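K.L.:
Each protein sequence line maps, in turn, to chains A and B. Under the working numbering, the first residue of the first sequence carries the number 1, and numbering increases by one thereafter. Under the working numbering, the first residue of the second sequence carries the number 1, and numbering increases by one thereafter.
Just so you know, not all the hints are guaranteed correct.
What the hints assert, rightly or not - A partial selection of chain B residues facing chain A, derived with a Cβ cut-off under 10 Å:
| hint | residue |
| --- | --- |
| 1 | Glu40 |
| 2 | Ser43 |
| 3 | Arg99 |
| 4 | Asp161 |
| 5 | Arg164 |
| 6 | Arg171 |
| 7 | Ala175 |
| 8 | Gly176 |
| 9 | Arg179 |
| 10 | Val184 |
| 11 | Asn188 |
These aren't lab readings, by the way, just hints derived from the structure by calculation. Quantities reported herein were computed from a predicted structural model and do not represent experimental measurements. Beta carbons are placed, not taken as given, at the ideal position from N, Cα and C, and that holds for glycine.
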Amino acid sequence: MATLELQGLSKRYPDGTLALEGLDLAVGEGELLVLVGPSGCGKSTLLRLVAGLEVPTAGRIRIGGRDVTGLPPQARDVAMVFQNYALYPHLSVAGNLEFPLRMRRVPRRERRRRVAEVAALLGLEALLGRRPAELSGGQRQRVAMGRALVRRPALLLLDEPLSNLDARLRVQLRAELAALQRRMGVTTVHVTHDQAEAMTMGHRVAVLRAGRLEQLGPPEALYREPATAFVAAFLGSPGMNLLPGRLHREGRGWALEVAGARWSGEEGPPPAPEGAVAVGVRPEHLHLARGGPGSPAGLTLTVAAVERLGHEILLHALAPGEAPAQAWGEAVRGAWPPTVALRLPARERTPAPGDRVAVRPAGPLHLFDPLGGRRLAMVDATV
Amino acid sequence: MRGGRALAALALWAFALVYLAPVAFMVVGSLKPDERVLTEAGSLAALWPAEASLQNFRDVLRRVDFPRYLLNSLWITGATVALGLVVNGLAGYALARLRWRGRRAALALVLALLVIPFEAIAVPLFYLVSLLGWRDTYTVQILPFVANAFAVYLFYSFFLDLPRELEEAARVDGAGVLRTFCSVVLPNARPVLATVAVTTFLFQWGSFLWPLLVTTGEAVRPLPVALAAFQTLPPRQWGDILAFGVMMVAPVVLLYLLFQPAFLRGARLAGPKG
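Only chain A is shown next, with the shape it has when bound in the complex:
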């Protein structure tokens, strides 16, 4: 168990790709930090740098206060679970579990004891004699986990360990993994592109985008108060809706025009500089307006698809016309969801695809800088 500190960590590959840029990050003792981001954001590179499988272009890596930047993997006391598990095909489950101990010249009796211990912990006792090829996906995942934990590493690195499993197993193992980490108390960095894993497993979540840290914090904080349009759209399933809007003074207060609808705020100065803004609103914070299409406060949308999930309904709808303007920043355009999503209670009468509906906000609106994507304000709008 140890802390992990990254200082100004950068990685440029020989082909010129900049995978990480000046990253600073600290993981506390026993903490489970989830690194999340779309593919190519540098999260796997970060993990490989910490493991010692890649050499950073700049920056320092400290594990438990010790600078390991120049050390080879075997001298770092880290363990890693790979996306495809990387179990040794020529060794049995017992052989796989024993391998890290053998490499570290742990005496045979101690090895036996530790393998038995970790096998019991993960329910692998009956499988010890099998080869990896004879195991199911979930069993392989457990063996990979056992191999990582058996030598009680200072730091545990998980590289998308659940992504090769089917959905049901993934949810089950997600909970098991988090519980196991808590029980062992091992400092863990878990890389995933699955925002649900990030939300449910991490003590803190670090969202990476294009090699930079976009936001770091507890999962609920990131969900409730995303620092950027990217984080807003990335977290949540579906993510936060983003709509092109315009903020201006009106009377003694302010108003927000969003795709033909007008939502006004409380009295006082506008919460952000007047002009174009990207308006973010969570799917659960949009309700169907009573007046139907044409009501002035309602944002009129055309239903594109309806997903009935049993306990709720997801509505995917198209806003009239406007895709994000070309003039807007890549940070915002890149995050832009193609449709507006609404999360409705199942009992509500459901519109059909092709229907036009009016919606109104029923929760906080987030205003983002349309160029940089930074959040400017969080407001409540009345309709």
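Once you've looked at the hints, dock chain B against the given chain A.
P.N.:
Frame of chain A; chain B shown alone:
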């Protein structure tokens, strides 16, 4: 339909017989009294030993120093296989996994060497080894065949397909580069090791032109050259010659029977699925 299948089967059997008959002729002939080998050659009796005995084999052992040739062949072939696995395996690994200046050029060169038949370079090579004073040695029969472009290529393509994560996992688990190679890469390379060993073995065991060029005495003479010399040794006894052939082939067949199950198992496990 059934008639067609039967006809096809018959044709295939006939075809197979063309290949099997010489082998059968050799084995059966080796057991026959010398005078019957040629007189029965044109009939079906060629494939049936009426009065089988091991006399021909005893004759061979009496007339020439067969054990000497066998040991020569075993030593030359064994050394070439063992050295070849190390040299070609490491070369293939370096080409597939390590990053070094000139790697692409080296790879292109190895691929280019694949198309050059040995006979084309036999004469220049002969002059080279003569200059080095290597004629009539084991070295001259082993060294030129240790590094082999085809073997390097086989290893190279195998290591390319071996999941890189296996080696990375070993590194993180505490193994250095060499231990990773020995503990993880080699055990998973058994199929390609077996393939290269078998092809090298067969090539060297049957090699004739080169040893004929570079050996004169009996001391380092391998079996194929010894067989050719035996054919010209008067009196010409066909039964003895066939017995010599059987004795030359027997170790290969024995090895094949011994390693066939392991080789098949290796091939089945070839795709590491872990």
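K.L.:
Would the hint on B/Arg164 be counted as holding, given a Cβ-Cβ threshold of 10 Å to chain A?
P.N.:
holds, 9 Å
K.L.:
Would you check whether B/Arg99 satisfies its interface hint, that is, whether its CB is within less than 10 Å of any CB in chain A?
P.N.:
holds, 8 Å
K.L.:
A closest beta-carbon separation below 10 Å is what the hint needs, so does B/Asp161 meet it against chain A?
P.N.:
violated, 13 Å
K.L.:
Does B/Asn188 meet its interface restraint, that is, does its C-beta lie within less than 10 Å of any C-beta in chain A?
P.N.:
holds, 5 Å
K.L.:
When the nearest CB of chain A is found for B/Gly176, is that gap smaller than 10 Å?
P.N.:
Holds, about 6 Å.
K.L.:
Holds or violated: B/Ser43 as interface residue toward chain A, Cβ cutoff 10 Å?
P.N.:
violated, 54 Å
K.L.:
Min Cβ distance, B/Arg171 to chain A: is it shorter than 10 Å?
P.N.:
Holds, because the Cβ-Cβ distance from B/Arg171 to chain A comes to roughly 4 Å (cut-off 10 Å).
K.L.:
Should the interface hint for B/Glu40 be scored as holding, given a Cβ-Cβ cut-off of 10 Å against chain A?
P.N.:
Given a least distance of 53 Å, the restraint on B/Glu40 is violated.
K.L.:
Can B/Val184 be said to touch chain A, with a Cβ gap under 10 Å?
P.N.:
holds, 6 Å
K.L.:
Let me know if the C-beta of B/Ala175 comes in closer than 10 Å to any C-beta of chain A, holds or violated.
P.N.:
holds, 5 Å
K.L.:
Given B/Arg179 as an interface hint, is its Cβ closer than 10 Å to any Cβ of chain A?
P.N.:
holds, 7 Å
Consistency note: the structure conflicts with the earlier hints numbered 1, 2 and 4.
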